[in-house]
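When you get a sec, could you build the whole thing from the sequences and use the hints?
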Amino acid sequence: MIQKTILCMSLSIALSGGIMAQKNGMQTDTEKTPHVVCYTRGGIAPKLGNALHLGYSEDGQHYVALNNDACVMALRRVDNEPELSPVQKVQGVMKTLTAPYLFRMKEGGFGVVALRTDQNGMPDDSTVGAFLFIRSRDLVDYEKERLCRLPVDEMLEAISCEYDETKKKYCVRWTVKEKAFQCYTTDFLHFSPAEAISKLDKMQVRIVSDWRNFHNARFGNSLALTKEEGWYLKNKLGRIVNVGVLPLDISVPVSSSVVSDIRKKRATLLYSDGSRAEKRVIWNEKDLERLASATPGNYTVRGEIFQYPFNYPIAMSNCADPNILYYQNKYYMVATYDVEWNHISIRSSDTLDGLSDAAHRWKESVLIRGEGAHWAPELHVINSRLYILLAIIKANYGVQAYMMQLKENGDPMKPEDWSAPIRVVKPDGNPIYDDEKADGLSLDMTYFEDNGKSYLCWSDRKKFYVNGKEVDAGPVLCIATTNPKEPWKLTSAPSLITSEAYSWSFCIRSLQLAEGPFVLESGDDKVYMVYSGGGVTGGNYEVGMLTARKGSDLLDPSSWSNSTRPWMNNGSPVSQVGPGHNSFVRDEYGDLYNVYHSGHRPRHTGVCPVHFRFDGSPVIDMAPYEEVDPNLKQVEMHVHLISSPK
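Residue numbers (numbering that gives the first Met the number 0): 0 to 645.
Check before you lean on any hint, since a few could be wrong.
Unchecked claim - Heads up, simulated DSBU-like pairs for lysine-lysine below, C-alpha to C-alpha not over 35 Å straight-line:
#: 1; residue 1: 285; residue 2: 235
#: 2; residue 1: 549; residue 2: 425
#: 3; residue 1: 525; residue 2: 263
#: 4; residue 1: 549; residue 2: 264
#: 5; residue 1: 31; residue 2: 143
#: 6; residue 1: 88; residue 2: 393
#: 7; residue 1: 198; residue 2: 226
By construction, these hints were calculated from the structure, which means they are not laboratory data.
As C-alpha cells, then:
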C-alpha cells in the first residue's frame, strides 16, 4: 500500500493518550530530550492532508501538533515535467505527498523523504521508482523538493533514509510489493545498484489511536532534537501563550498630572517563546482618585489588562474581505457585503470595538451602488488623501480594479464627497486589462510603501490561450510601483510574485489561488504580505505569507519568499472555519490587530490581536486567552510618589 510508513530505527510509536516509545516490545521511558514526529492527515482534502505535518514533544512521549495541526510544508505546483501537456504547463499541476520520513543530513540540518501522490492523494503514475527528497535547515523553512529516481521500475510503497557513518553515504531503503531493498547515494542524484534485504527491521509505525489534535493522523517516524533545535521549532510553529507579567512599578513626582501619568503606564507581558508585549491597562478609578490628592509615599493601584470585547467568532456579520482604518480620530470599516454584492457601505465609530454588532455604536452609509458586483474595498491614506481601492464588475468585461478619492476636507461618510470610480491604468494610460478583449481580471488591490517607494499589489487572472483554446491558470499576485500623487497610475510594468504555488493554496478546481494581499507593518527588516488561497469559502480557505527584505527590489520575484505552509488555517483563530482575506489596523494606541473573515457564505468579520514572536515574525491567529492568560489579567502597580522638585 502506498500509505505505508516506515521507521529506520529500533523503536516503534504508539499513540494512546499520548505518543509512547517502545523498544523490543517493552514500553520504556525515552530520554527527556525534545522529539519531532512527522505525519500526514486523512479525513480532509488531500491538498491539505497529504503534506508534511509535524508534532513536537518535550520528552519524546507527549506530543502536540505544530502549526495548529495544519501542514508545515506542502508541495510546489509542477509545470516543467516532460509528460505535462501544454495546458498543464500553463495551469500547473498540483501534487501531494505521503509516507514522510525525517533524517539528519551529514552537513547539518535535516532531510525529508516521502512518496509523491497526485492531487487526489492516489499513486502518481509519473513517479514509478521515484521518491521525494527535501532539505531543511531547521524543519521550519524548506528548500525546493527534488524527485529522485531509484534504479527500479516499480511503484514504491514506503521509503526511508539514514546517513551511514561507516560508508560515508546515505542509505535509502524502500519496499516494493512488500519486499525490502536498499541502495546508497552521496548526492541523491546517483544511486548504487539495488540490493534486496530481508526486511525493514523495526521500521513499521503502529498507530493505536489519535491523540489530542492529531486528527486522522498517519504517522511517520520520530527524531530526537537538541534542546536548541527543539526550542526553535516549537516557538516558530507552536502556539505562543502569555506566561507572566513583569512587576509594575513607577516613581512619579506629586503633581496635577500624576493621574494622567499613571493612566499611560502599560504592563509588560511575557510569552512562552521569550517574546514580550506592552499592553494597555484599565486602572481602578477609585485608586487613581486617591492618588490625585496623595502626599509623597508608597501606594498600590489595581488594574486589569485591556482586551477588546469582540464576540468570537463573529464581530461584524455578513462582512467579507474586511478592512478597518483609524483616520482622523475615528474608525472606518469597509467590506464586501456578503448578502448583496452590488454596493459598498462604510461604517464608522469612535472606538474599534464600537464597530461590532454587539456594541452597535456605529453609523453606516452606502457610498456607491451599481448593477454589477462591488468587491473587496480597502481604505488607504495616500499622499495625505483618503482613497478606497475596490473591484467592480461593469458591462461584460469582468471584474477590474478601481479607486475612489475623498475630496479635500471631505467627510468619508458622505457619498457626495467621494469621486466617481477611477480605473487603475498602466504607464501607457491603458487599463491593466483592456475592456474589449476581456483578457484578464484585476481585483483585491492594496497599497503599501517601502523604502520611499509606493506600490500597488493585486490579484491578477490573465487569460492564456493554447492552440486557440482559452486556459485558466488561476489567480496570482502582481505588483507594480505607483505615483502617490496619482496612485491609480502604475509607474512600472506589473510583475508576478507568486509563481510558486503550493498544494494548500490550490482551489477546488485544482487551480492555484492567490488573492487578498495586504502588507503587515513590522519592526524587523522584513516586508510581510499576507494573501489567501485554497478556496473562496469554507474549510479549505487559508492564509499564506510572502516575505521580502525591506529596501530590496520588490518588483523582482526573486526578492520574495512564499510560505510552504498556511499561517492561518481552518480552526485558527478560536476554531473558526476558513479564516482569510485579512487586513491589519492599528488602533489609536498603536496596537496592531488582524481583521479577517471566516465561514461559508455569508461570511463574517472577526478581529484578533497581532503578536510578534521572539524573532520578530508575526503571529496573526492569536486567541484571547493566548494573548492574556485569564489568571494574569488582574494586575497591581506599586506607585512611589516623590516630592516635586522646587
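The hints, checked one at a time:
A threshold of 35 Å between alpha carbons decides the hint, and for residue 285 with residue 235 the separation of about 42 Å lies outside it, so the pair is violated. With a C-alpha separation of about 25 Å, the suggested pair residue 549 and residue 425 falls inside the 35 Å cut-off, and the hint holds. For the proposed pair residue 525 and residue 263, the alpha carbon gap of about 30 Å is at most 35 Å, so the pair holds. Only pairs whose Cα atoms come within 35 Å are accepted, and residue 549 paired with residue 264 is accepted, the gap being roughly 32 Å.
A C-alpha spacing of about 33 Å is found between residue 31 and residue 143, which places the hinted pair at or below 35 Å, so the restraint holds. For the proposed pair residue 88 and residue 393, the alpha carbon gap of about 31 Å is at most 35 Å, so the pair holds. As the CA atoms of residue 198 and residue 226 are separated by approximately 34 Å, the hinted pair is consistent with the 35 Å bound.
Violated hint for the displayed structure: number 1, the only one.
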